Amino acid sequence: MKYFLFIILLSSLGCKEQPKDNYELNIEVQQSKTEIHRLEKINESLNESLNEQLEKCSDFVNVLVDN
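Taking the working numbering, the leading residue of the sequence shown gets 1422, the next gets one more, and so forth.
Errors might be hidden in some of the hints.
[Said to hold, decoys possible] FRET-style restraints, in silico, Cβ to Cβ:
no., residue 1, residue 2, range
1, 1468, 1440, 36 to 46 angstroms
2, 1470, 1449, 52 to 62 angstroms
3, 1487, 1450, 37 to 47 angstroms
4, 1443, 1466, 31 to 41 angstroms
By construction, these hints were calculated from the structure, which means they are not laboratory data.
Keep in mind the model is a prediction, meaning the values are calculated, not measured.
Here a beta-carbon is modelled for each residue, glycine too, at the ideal position from N, C-alpha and C.
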């Protein structure tokens, strides 16, 4: 009985996920590239906004220093 359960356990460990084929991998790569592009656009927008805020703060500090 022990050996039977052991064999079942070993056989269940052998049931791994099948490797993906090239088509599935290409789809994942394309989705990743699309996501990277989207995140780069968001990053660019945030950097522009941050630079605008920095300029406003700099102008405000200059006004305070001048007074």
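Status of each hint after checking the structure:
1. 1468 - 1440: 36 to 46 angstroms: Holds, since residue 1468 and residue 1440 (Cβ atoms, about 40 angstroms apart) stay within the stated range.
2. 1470 - 1449: 52 to 62 angstroms: 31 angstroms, violated
3. 1487 - 1450: 37 to 47 angstroms: 55 angstroms, violated
4. 1443 - 1466: 31 to 41 angstroms: 35 angstroms, holds
The structure does not agree with the numbered hints 2 and 3 stated previously, though it agrees with the rest.
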